[in-house]
Each structure stands twice: as structure tokens, then as C-alpha cells.
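So the sequence lines, in the order shown, correspond to chains X and U. Residue numbering for the first sequence follows the numbering used here, beginning at 1 and increasing consecutively. Residue numbering for the second sequence follows the numbering used here, beginning at 1 and increasing consecutively.
Hints listed in this document are in silico derivations from the structure and should not be mistaken for laboratory results. A portion of the hints provided could be inaccurate.
Pairs of lysine-lysine, DSS-like flavour, derived with a Cα cap of 25 angstroms [to be verified]: (1) 208(X) with 294(X); (2) 236(X) with 208(U); (3) 236(U) with 208(X); (4) 16(U) with 208(X); (5) 208(U) with 16(X).
So the chains spell out like this:
Protein chains: 2
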Amino acid sequence: MVNFDYQNPTRIIFGKDTENEVGKLAAEYGKKVLLHYGGGSIKKTGLHDRVLSSLKAAGLEVVELSGVKPNPRLSLVREGIEICREQQIDLILAVGGGSVIDSAKAIGVGADYDGDVWDFYTGKAEPQGSTLVATILTIPAAGSESSQGSVITNEDGGLKRPCNSLYMYPVFSILNPELAFTLPEYQIACGTADILAHLIERYFTNVKNVELTDRLLEGAMRNILHHAPRLLHDSKNYDTWAEVMWTGTVAHNNMLDTGRIGDWGSHDIEHELSGMFDIAHGAGLAIIIPAWMKYVHQHDVHRFVQFATMVLSAEMDFNEPEKTAMEGIYRLEAHFKRMGMATRLSEVNILEDAYEAMADKGTDGDTRTIGNFMKLDKTALVEIFRLAE
Amino acid sequence: MVNFDYQNPTRIIFGKDTENEVGKLAAEYGKKVLLHYGGGSIKKTGLHDRVLSSLKAAGLEVVELSGVKPNPRLSLVREGIEICREQQIDLILAVGGGSVIDSAKAIGVGADYDGDVWDFYTGKAEPQGSTLVATILTIPAAGSESSQGSVITNEDGGLKRPCNSLYMYPVFSILNPELAFTLPEYQIACGTADILAHLIERYFTNVKNVELTDRLLEGAMRNILHHAPRLLHDSKNYDTWAEVMWTGTVAHNNMLDTGRIGDWGSHDIEHELSGMFDIAHGAGLAIIIPAWMKYVHQHDVHRFVQFATMVLSAEMDFNEPEKTAMEGIYRLEAHFKRMGMATRLSEVNILEDAYEAMADKGTDGDTRTIGNFMKLDKTALVEIFRLAE
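Looking at chain X on its own, in the form it has when it is part of the complex:
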């Protein structure tokens, strides 16, 4: 176990009807709220009305900024920053999934900074404060509702980059599993793939003696693998959604990787896919992760055997453990297929001619490596794309 410094101050209000408490909660943090969301879906479901009445009943002044798209755009973030400054916003309330929340976090740190907010995503500067952010989660997936991270896409060059900062923890997040009942199958598949990916990225580490968090990560992975397929034929089941929604938060709130160093190579690779081709993040992960696993598994066969047996209940082959390791990867692939997802680049029309450019971008022209479990250079990335062909 490596030394660590862990704190997660986000307050979670979880359960049925909890979105109606938002006004009372938000009023603890100021008088003027920027309501930030995506398109029409929260209007269609009536959530927008309920949130607005709760905020107004608590005496809050509300400014709205909608239009967040998947892979949230820097241009809208800049618009939000302008509004925060002009209107002296006390609290940004993100109502939506990870894209909306990530956009709100970027607006938050940007509003508190004299320079350009993109500096935080290129590593040129670090946030020193933020306008407060709170969330009402509608899509269990990104875990952004209780994380210190945000991922933004700069349309100028199709660059998708992450930023992590203690100032990005939301002050509170409201999680009502009922709000996910209207999600279509494809979003269920993508969201649960993202949750699983957050656990997998933390699980594959070179740090030894991390057994508590191994057990916790394995438990959380088994739980999402068990419940995700159930949603495909029972998409309005509160108990199943509650498992998926809470697992999504726990997967990314950083407690399960205390004392470890996660990998994050697959996430970095996927950012190139979705930055260049605008495919959903979870869809990209379902393609990249099995290929990444095939490429790296010999680096630590024991860990892949552990994954196969403890998470995917593969039989242990004591004479040829590598076969067990591979069985785990095949079972994971089978899970994604069962969820109706593509597991090959060709299935989403990303063909060989793009490999070179994606690998180049992902490694900044082969000047940096990505991932921690194994350091991947440009050649490794091309190899992984071939394994995902």
C-alpha cells in the first residue's frame, strides 16, 4: 500500500423523491443559482419543473444555461463562466449526467480564475478555488457527482482532456434512482460500462498489498456485472437502479483506490476515440478495455487470474494460469456483447487508417506514454487498436 491523503467532502442525498429537497439544500450555499443542464429530456420528464419550483420555494434566484452535449464542449463552459461573473452566481446546480456535471465543474473553476479555463485541462495551471457546484444525477455512469474530476472537449482540434482538483468535489449530490427510469438501452449499456471501467482502471495496479481495496473493488465489479443486464429487460426497477446508481458513485469517489495507483490507460485511449469520432465514452471503453487487457495481461498474469476468478467466477486452471487470465477477458467481452455493445473498432466504423493518427494524438506525437500498469507509447497504442480491430 502506498501512502495516501484521502478526503471526499461531497454530501450524498440518496433515494426516492430526494430531488424535491434541492431548494432547501441549495439555500445553504447562497441566493443565486445557475441551473445547468443538457437538452429537453429533463423538461419532458417534468424534472426541470420540479427542480425549479423547489429552488423558487426556497427563495432562490435562478439563471439557466442549457445545451450541454455528450463530450461537453469548452465553448459552452466559457459561456457559463461569463454568466457566473456577470450574474454573481453563488452555486452552479448541474442536473443531468456526467457531461453536465463536468461542464458545471469547469465553469466553477473557470469563474474563479483570471486566465483561460482550458489552462486547467492542459496542465498549464491548477485550480485555486471554485464557484460551488451541486448536482442532481440522472445518468449513473461517470461518477462525477462525487469525484474531483472533469473531462472537457476543446472543439478546436477535437482535444478531450481531464482535470482533477479538490475544488471540483460537488458540495452535495442528489441521487434518486427513479430519475434513471427513462434511459434508453444504449445509454444503460454505456453508463454501466463506464462504471465497470472506473473499477477496472483502479484494479489493475502495480502496487502490492492492497487487499482491502482489492476485495472492495471485486465486490463492486461483481455487483455491476450482476445488475447491469437486469436493466435491459426491467428498466424501471427501483432496486436494480439503486444498486447501479450507488455503485457508479462508489466506483469513482476515490475511497476504493486508497493506497493504490490506478492505470487509466484505457480512459486516455478512449478519449482519443471519442474526441475524434464523437462516439459515447462507455461505447469506446467497451471496445478498448478488452483489447488493452489482451495487450497487457502478461505484464502481471497473477492479477489477471485474480480478476478472472474473483470477479468473473472463472474456474482456476492451476496448471496453466494464463488460460484462466484469458478466460476472464473473454467473459468481460461476453458481458459487453450481452449488453448490446460493439467490442470491435470496425463495428463503429473506425478503420485501420485512423490508428496512426489516434495513437499520435494520444501520445502527443509519441512524446509521452499513457497508463501506469504498463507505460504505453505510440507503437503500443497502434498494437491495441489492432487487437480491437
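Got chain X sorted already, so can you dock chain U onto it with the hints?
Relative to chain X, chain U alone:
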């Protein structure tokens, strides 16, 4: 899953040499520190000196209050409250195990209250604030370093009572597994029994559909059952202590029981034992928990079967599941015995003539029940004592 409102603001600084950061950390919260600890052990190990130099190097003024005993006494708490008021203490730094931390928390809320601090432990009043508390943990056991609870013994009547309050979360806790290297075998046994008990109390619930937290609790229980015996013949192993220490915190920081309602009957019963007979808390739990399990298991055999198979790797008897349930209880008992602990009241000289009085005290003269999994009245308590005979 039941609705929940979860927040744990305690910052954890975990790892080797981390106690040397205490001055810098404490200085963020004020200028005057009350250093609170037990007897001579932290002086013998040199920890007292290291802490004092770190605090003084950070320019802090330090007042000391030592003398905390296991089952911390109300009288010392009152002394601490006086000091806080007279000396205008900004931060109470508890250096020790659960008793020292619980004592510090009581002093903290007491110093911020005009009435008698015991009111918080009888339920007559609720804390509305606290002098800040921070900790350096030396005994992994109680989980108090990141919990909202404190247990104090009123010498007047041998009453041991808990208090829970959001104001009792420490602002930061320093966890260095090396500080536990000097613990004797008996304290290792008691501490790890307490950690296991915190997980067991949360596990046995009547709330259905709590599968994520079931998996997390099972993982944490397996981890403590695996590592505790290792310490008996390798008590200076950093990696093993790191597992035990972090499991101790995670077992009681409330994340693993989100959406559940725990039992806490065994803890309440044990408080009578250690209130009246002054035996160690963990020692009392090792006796009471197996007896409690034998008494309640038919209330929900399925859950005991799950405990037996998922936590203690008992073979499933598909035809007679109750046998599997009992096998889990026997394996738990065997674990405590392997740790060198008594598992019967008679072994610690608590005999039949005391059952009636303990049961009477535990239920306030049969006017209240204890526990949630099953509500236990005075007769039930006597029955449990007989099963622990």
C-alpha cells in the same frame, strides 16, 4: 435500500512517517492545541516527543491532558472541558486508540455546550457544535478516527453510553500502521474483534436489496479474518497492519452501511458487560456475538447462510441450509479462539448470578428493547447470556 444522507468529511492521512506532518496540519485549525492521550505508552515509544516537536515547530501552543483509560471516564472528560474553556483551546488532538479519541470527542462537544456533557449520552440533548478534534491513531479497533460516534462510561453507576453526532467527525486523522507495531497480542485480538464486529453489526439487517454494501462488507470481513491471525506471529509487518488499520477505519466510517439499518444489539449488550465488569470491549464482543447469532439466526436463515458462504467460505448445504448457517457461526467462534480469546462468559468469570442484573440494565429494567435485526427484551438478553455460558 432505504433513503440515506451520507457525508464523511474526515481527511485521512495514511502511511509511513505521517505523524510528523501533524504540526503543519494542526496549524490550519488554530493556535492552541489540547494534546490528549492515555498513559505512558506514547512516551515509551517516542511518539509523544515526535508529536510535540512537530506541533511546536509549527508554532502551536500545547496544553496536555493525559490519563485516558480503556472505557473512557466521564470525570476526565469534564476535566478536559474545563481546560478547553479556561485555555481557549482551538483543536483537541487525540493521540491513541478509540478510548482517547472518544474522550476527545466528548470534550469537544462538551466545551461547546452550557449544560452537562452527559446529557448527550443520555439523549437529553444533541450536540450543536464542537471544539475541533483531530487524531493520531495508535490502535486499529474502534474506528472512531473517522466516525461520528463516541462511547463514554459514567463511573457513577457503571453506565456506558454512546453518542452520535455529525459534530464528532474528526477534521483529520493520521494513520501510520507502524504505530501499532508495539501492541501486545491481547490488544491485537480485541482490536480486530471490534473491527469485525462493526462489519457484522452493519451486515445483519432486515433491509432488502442492499447488494453493493453486502459485497463491500463481505470483502472487508474476509480481509480482517485473513489478516488478524497473521499479526499473532508477525506483529511488526507493515503491510498486514496497513490492511488491518485501514479496514478498521472503513468498517466504521459509515460508507459501508449506506442504505441499510444495522443491528447494534451485540454492541449494546457488550456495553453492559464492560460497564459492569470492566473487560475490554473487543473481548466482550467475541463472547456476545456468537451467542447473539445462535439466538437470532432463525429470524433470517438466508442471511446467515450468505454470511457463512460469502464471508467464511462454508460449503453450501442445499438440502439443509440451516446447517450452513450454523457452520458460519462455528467458524466465527473458531476464529476468535484462534486469536486467543475467550468465547464464553464463564471464562472471564461472569457467572449466572450476573445475567439478571446485566439484562435489566441493558433494557433499562425491561422498558426498552435493543437491536434492530431482532428486537431483544430482557428475557432475550438472559437467553443470550445462557448461550454464552
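Hints versus structure:
1. Restraint check for residue 208(X) and residue 294(X): the C-alpha separation of about 22 angstroms stays at or below 25 angstroms, so the hint holds.
2. Distance hint between residue 236(X) and residue 208(U) is fulfilled; the C-alpha atoms sit about 18 angstroms from each other, no more than 25 angstroms.
3. A hinted pair counts as satisfied when its Cα atoms are at most 25 angstroms apart, and residue 236(U) with residue 208(X) qualifies at roughly 18 angstroms.
4. Taking the CA atoms of residue 16(U) and residue 208(X), the gap is near 15 angstroms; set against the 25 angstroms cutoff, the hint holds.
5. Proposed proximity of residue 208(U) and residue 16(X) is supported: the alpha carbons are some 15 angstroms apart, at most 25 angstroms.
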